[in-house]
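Participant: Following the hints, position chains E and R against chain W.
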Amino acid sequence: MTPSRAVEAFARRHRYSPLEALPWMAAVGAYFAFPDYLALGAQILATILFALSADLVLGYAGIVTLGHAAFFGTGAYTAGILAAHGWGEPITGLFAGAIAAALLGVLSGLVVLRTAGLALLMQTLVVATMVAEAANKASFITGGDDGLQGMEVWPIFGRLHFDMFGRTGYFYCLIVVFLCWLAARQIVHSPFGRSLTGIRENLRRMHAIGAPVARRRLIIYTISAALAGISGALIAQTTQFVSLSFLSLERSGTVLIMLIIGGVGRLYGVFIGVPLYMIAQDRFSAVAPVYWYFWIGLLMVLVVVFARGGILGLFDRFRR
Amino acid sequence: MHLSDTASAIISIGFHGLAFAMVLYLISVGLSVTMGLMGFVNLAHGVFAMAGGYVLTTLMSRWGLPFLPALLAAAVAVSLASLPIERLLYRRLYGGEELDQVLLTMGLVFMSVAAATYVWGPLQQPLQPPPWLSGEVDFGVRSFPAYRSFLILCGAALVTALWLGIERTRFGARVRASVDNLRMAQSVGIDTSRLFMTTFALGSGLAGLGGGLGADLLAISPSYALQNLAYFLIVVAVGGLGSIRGPFVAALLIGIADTGFKYLLPEFGAFFIYALTLGVLLWRPRGLFGRA
Amino acid sequence: MRCGRFVVALIIVVSATCALLPRRAPAQTVVKIGLISSYSGFVAQAADQAQKGIDLYLKEHEKDLPQGVKVELVRRDDTSNPEVGKRLAQELITREHVQLLTGVILSPVAAAIAPLTAEAKVPLLISIAAGGSAIPRISPYVARVSFTLWQQGYPIGKWASEQGWKKAYTAVSDFIPGHDSEEAFTKGFRDGGGQIVGAVRMPPANPDFAPFVQRIRDAKPDVVFVWVPSVQATALVKAVRDLGLREADIQITSAQDLLPEEQLPAMGDTPLGLITSGNYSTVGERPGNANFLAAWKREYADGAIPNFLSVNAWDGMVAIFDLIKATKGKFTGDEAMAFFKNWKNPDSPRGPIMIDPETRDIVQNVYIRRLEQQNGKLANIEIATIPMVKDPWKEFNPPK
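Residue numbers (my numbering), protein chains in the order written: chain W, 1 to 320; chain E, 1 to 292; chain R, 1 to 400.
Heads up, some of the hints might be wrong.
As the list claims (entries may be wrong) - To give a feel for the contact side, a few chain R residues facing chain W, derived at Cβ under 8 Å:
{"no.": "1", "residue": "Ser80"}
{"no.": "2", "residue": "Lys86"}
{"no.": "3", "residue": "Glu183"}
{"no.": "4", "residue": "Pro399"}
To be clear, the hints were calculated from the coordinates, so they are not data collected in a lab.
If you're wondering where the values come from, they're calculated on a predicted model, not measured in any experiment.
We put the CB at the ideal spot given by N, CA and C, even for glycine.
Isolated chain W, as found in the complex (with noise of 0.2 Å):
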């Protein structure tokens, strides 16, 4: 390959392709295809960036965590406890969320980023068990078991109202999930985010050529938890109500097998496995309450067996 073609194919890479307006252009298309289906609409937009954020760690930097939830959860209840306290306008509320969130990531990070592999799991674990009872414990503040009472969201630039047909509060996700994803998009394209993808696939040589591997780690994981806790206070400010489950771990499992059956690493199997995932569940939920487990389960171990790399993973073998 000539140097100039080279340059040209790595330029290519990294500038948006049509394509990618496809789930865009879908998710607007879905207002008006699915009108009572808004409220889940929205939080499967608020679940993508969650699983977006996810991705970040996992996919990208190759931090295998069991805990996101706790960053979920710090945002949605900051979030949650403004607007109880009078203070509900959505869009500081969604910084404030985030601003707590990320500054639960780096003290935690530096903590749980000085290991690796199954320790690495289970201080993430251990981090995101831990501050979920220490809001059971601060019921006072937290409402404990009986979830945040007392949210008021006020209308977003003053006009917008939450209404009970979600209709504000899916183009609200909509919009904050978009920039969320383009900000993602940035930082994957960018030289940052290229040497995190080293930094998962070969540590020695990075850290051979003097790449600075802890702070990098450390900033992703930030910035992921920022992403996390945004998607938490979405969905606080959308549904007005947070609790407990916000943080617990069957929340941090389940945004793990969602990333894992779209495609882990790839920023955009979010946009198939959570949908699918959620909307499966709401389906058989309305069906056949008790056995979703096993369905779930079964697609899961399908997927693995058969679909190695997620649903993404599974078109690009077609395409070759």
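Facilitator: Coordinates of chains E and R only, in the frame set by chain W:
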């Protein structure tokens, strides 16, 4: 000899913690060895323990088998049942992506929840210990519940047997060699594929045994594998992968310290094992006796 | 001419077809009711017990509905997550157009749904959840037919102090339902002149209760009040046995969550003599209960055992059917609430029950029961009755 109240309380706590530790150990030791040997993140390990519990209680209540034979039968049944799962599913992912292993085993866990609900219903399965294990045993100084004493004895016996097995037999030597350096072991002619299979079956059988024995402490219900996953993972991570001793010490630590702290500082008792895990893993990321 | 004949033939054919078409049935009124429960998650057991009660009532009493009125129960699983429960309630209201919501096991789910009911004017009749005494205050469209934790905690506290037991200790699960039960018992015991010598709160996810039961022993109270969610009941009872609380002469009291009837066979003889407060026991002697049990045996011949959850859910359906019968299935949210506020059922399996028009919460008998052998089986024998108890928390905390 008449014990003061405090001394009596401490002994009682220590005793119960020990019993809890034994159950944790029995279930987790298999996980430690297979994770260390095969490098496989088996989050579904709890399913084997749960299966052991279900088989035991069903054999006893539905078919009237006495306790000990039913227990052995449960361990053997689970061990045999684990073989096809290993061959068909797990084998594909040895040396593979951790995430795929996580997804596969979580999928199995979910399926087990539904299957258990379908077959046995959502209620907890009661374990009725046999009459010779009910009531209390007088150790002179004070008496202890018979069943818990039995648990501790079993645990101690099994640790010894495992240790002897790992340290003194050829099979054990092969396992140790493969854990230390898989490629070398293969080049020396060890049939690692067979080894994995046997070790996996053994580990699962032990888990089944632990699940059955510990049914009194860790109740057998469809969500068993999910509820207790964190405990098993903590024991294995703190103890270190691929070792027999590691999970034992970790289980002791967790079992006794958890019970002890809950007694002394109940408000914060739950935090303690997590703080402990955090600390140990920071100090020794490979666990206390980790080799892999 | 040919044209004309063709037209005539067409007319004959069309009218003949119309005459032969099946007559459209008279318009049926279908009352759609949203049932939200936690079918998956750690309370699946409880959901199952409650569901059996609901299904049984539907089966037995569907025929009692007025002519042309049908009930359609739309079931949804909140997977033990309050925000899912809230979204499901939203969808049931906007998509399925349910006329009312019922069920709900977890009080956080009820708390999440309550504000919706006011916005949509769709009533929520809580028929299972017991936590959150303040929930009916969140919205005027919420009523409860099950029970509240204070309703069972306070009376037993008071009763215990009247038995000559001076010192009490409490041991509860460290989350809000546990705290509520602890506060309720403590107030009741103190109001009766007793003294609380200590309290311990146990972590919610806890397999082994030995250390906490040991603390109870150390404190040497006359009586101890324990409260854990019913899924942990067996484990706690076992710890009580293993640490010999009874031998230490400590009377053990709790609420009915500790000795649900379907778990009694698994507990052996240990809980004999345990005293609990509750609103339903399978051996309660009243005609409403006899009828209920007979129907239950007919339907669930495989040995399923009813408990208070089944009866509470059953009573929820009774209230709803009474509403439908009174309004022939056509009612607005306001009309439904007006009906519920004045609803009474003197013949429930639990005895006479009614909804308090002021608080929209349940008023019922609270029974003090002791676990004894009866006809070779363990049963909660009612030894005392505190009649028509209103939710004490609301009495002590009037709205501001």
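Participant: For every hint, state whether the structure bears it out.
Facilitator: Verification of the hints:
1. Ser80: holds (7 Å)
2. Lys86: Hint on lysine 86 (chain R): holds, closest Cβ of chain W at ~5 Å, below 8 Å.
3. Glu183: Cβ of glutamate 183 (chain R) sits 13 Å from chain W, so the hint is violated.
4. Pro399: Hint violated; proline 399 (chain R) Cβ to chain W Cβ min 15 Å, cut 8 Å.
Violated hints, listed in ascending order, are 3, 4; each of the other numbered hints is respected by the structure.
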